[in-house]
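Student: Take a look at the letters that make up each chain.
There are 2 protein chains.
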Amino acid sequence: MKIAVDAMGGDFAPGVVIEGLSLSLPLFPQCEFLLVGHREKVAFYLEKYGLAGHPRITQVHAESVCEMSDPSTISLRGKKDSSITVCARLLKDKSADAMVTPGHTGATVAATKVLVRTLPGVDRPALAASMPTKKQPGRFILMDAGANVDCQPLNLAQFAVMGSVYAEYLFKIKNPRIGLLSVGGEDSKGNDLTKETFKLLEKMPIRFVGNIEPTAAFDGEVDVLVSDGFSGNVLLKTAEGLAHSTVAWLKRAITRNAMRTLGGIFAQNAFRELKAIGASDEIGGAPLMGLNGVCIIGHGSSTPRAVYNAIRVAAECVEFGVLDRVVQNVKECGVAVESHKVPASSAAPAPEK
Amino acid sequence: MKIAVDAMGGDFAPGVVIEGLSLSLPLFPQCEFLLVGHREKVAFYLEKYGLAGHPRITQVHAESVCEMSDPSTISLRGKKDSSITVCARLLKDKSADAMVTPGHTGATVAATKVLVRTLPGVDRPALAASMPTKKQPGRFILMDAGANVDCQPLNLAQFAVMGSVYAEYLFKIKNPRIGLLSVGGEDSKGNDLTKETFKLLEKMPIRFVGNIEPTAAFDGEVDVLVSDGFSGNVLLKTAEGLAHSTVAWLKRAITRNAMRTLGGIFAQNAFRELKAIGASDEIGGAPLMGLNGVCIIGHGSSTPRAVYNAIRVAAECVEFGVLDRVVQNVKECGVAVESHKVPASSAAPAPEK
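Heads up: the sequence lines are chains H and G, in that order. Counted from 1, the first sequence has number 341 at position 341 by the working numbering; the numbering is strictly sequential. Counted from 1, the second sequence has number 294 at position 294 by the working numbering; the numbering is strictly sequential.
Incorrect hints may appear among the rest.
No copy labels: a pair is met if it fits in one copy or bridges any two.
[As the list claims (entries may be wrong)] 25 Å max Cα-Cα, derived SDA-like pairs, lysine to any residue:
hint : residue 1 : residue 2
1    : K80       : D187
2    : K275      : G220
3    : K199      : R312
4    : K94       : A336
5    : K135      : E240
6    : K2        : L23
7    : K134      : G78
8    : K275      : T133
9    : K48       : Q328
10   : K80       : A243
11   : K48       : K203
12   : K195      : R56
13   : K195      : M68
14   : K134      : Q30
15   : K251      : I265
16   : K195      : R77
17   : K135      : R260
18   : K134      : T215
19   : K135      : L200
20   : K134      : R272
21   : K92       : R117
22   : K174      : S188
23   : K135      : G278
24   : K135      : T255
25   : K80       : L154
The hints are simulated quantities; they were obtained by calculation from the structure and are not laboratory data.
Next comes chain H alone, as it looks inside the complex (with noise of 0.2 Å):
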């Protein structure tokens, strides 16, 4: 299996990366990793962690890289010679089974929906987020959490396939519960979107569970929370704006006496565990589902476990047959597109992460 690795991706490249990859290098014996980034930088580092000359590493040269601060379109028109980009040729081309990046999740998803293109009956690929439960270790799979701002019914169907086939890798389950995201949890809740959504997958042979609120998935109901790229984006970033809000609250509450502080050191490694909740490294990234290739996202700030992580979930979707089982049940669930060939509005700048 050969796995393309983004190695300029992220705000700690090439370094992280690297010592990401050097984690994964012993445990996942069957990969060869194609190490995509500037040749000399790359060089620099695989000298640093010792994996110089290795034989399971091939150096792929990309001369630029998509900066946080650059528009989604950057990959597929500034700079066609990004890591990103020359990491979806390598996908396109099946160079590569899985390519991973830790980099800009917009200009991934625009250079992969029209290099990688989506899979046989498959309209749009969609991001599929992992989200933490309040009943620890539990967690929901958030589909879209970014890919496609504006959705029909279709797409949000074949959402809840792919979060489905994610959901029975990622979580070891049959039959995930799938929820549709809208504004209450009865049968008629919701906006135009998500009305007409409903009665496609009330229909669909997939455990369906109804509407459901953003309260009830943190509350465990569901595995697969499906909904248009928008709110799903609404959703991931509220709970990152609010996780660092929590954190300022509890710094500065915490500190505000002497008593406080005191219990703040005895309770400190209370404070790591939460943590250690809302951070993604046990999860590496987060695959965008549905291209015709597999393709994991990680985040900007990933550390050297999310990278081996992200490595490790790649190559375990790749082990389980995600793309021909998306493939497959999209076909049976009954929602299959005939052409998947990428709509001119699919191409539009996506969300960053």
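Position chain G against the provided structure of chain H, taking the given hints into account.
Tutor: Just chain G now, kept in the frame of chain H:
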């Protein structure tokens, strides 16, 4: 000034509401109260709190109560004699200048949209929820938090104006910063609705600061965050869900061993402080802006202090001249609609809180 108070609204009605009213009476001598609810039940609690026969309290009987489990349309279809519907009718008849309910949000939206209708020039009312930012005691106003699940760009433009008026009152500032909820900070980001709305907002004489992600809103970059009611409700409920999860996570982490538990005891006031940030006691409730009458909707779990503050906000909104300011600003911003009849679609079920 006359304020209609829904005595039956909320989880602990009517006791909590009447206790909240008892706090308000000495502080708002300019207010007379129409206390709406079941005759005997309300009388019992008036007696209990020593308010029986109070010269500034008039009891108004309402036979039924909209339960939290009822659909939103209940106030118009099944329970036309509910305390919410009676309050809405008092507001419609101008028998009351304002109404306050800690009851069913969806039922209140439905009843007031149809009975009270919107102000001249305003197409639809919107719920203005206030959210805490990272920098305490900072807050931002989320507008619409859930009254309209499907919106047009003009609706969002009006929400911006109405949110601006409310921010001027609540934060005591001039020219509040208005942001548009989107999936990225750049001007080009967003879905069809936000892109069209962006074009309207940038032409209006308001302080429009562009597209804003939830993370930036929690960082305190705006005073008003404009959104359709679906995405706004997703934001609100995600914050609520994650806050509950965080409390559960923290409790478990802190009680895992004796050292942490001891630390937790030392720091317990810090946790109380943290919890208070999320509570809406000092805000009291969210106004439904754009109605032809002041309507404050409190949380179902309102404490007497929250009820007191909801009454305070209602009285202050009347004194601030919120209604006239909305009419004037909507006109000055060039976003007034000619007819302000309630469109058929907006009488549809609105989300519950």
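Student: Looking back at the hints listed earlier, which ones does the structure fail to meet?
Tutor: 3, 7, 9, 10, 11, 12, 14, 19, 22 and 25
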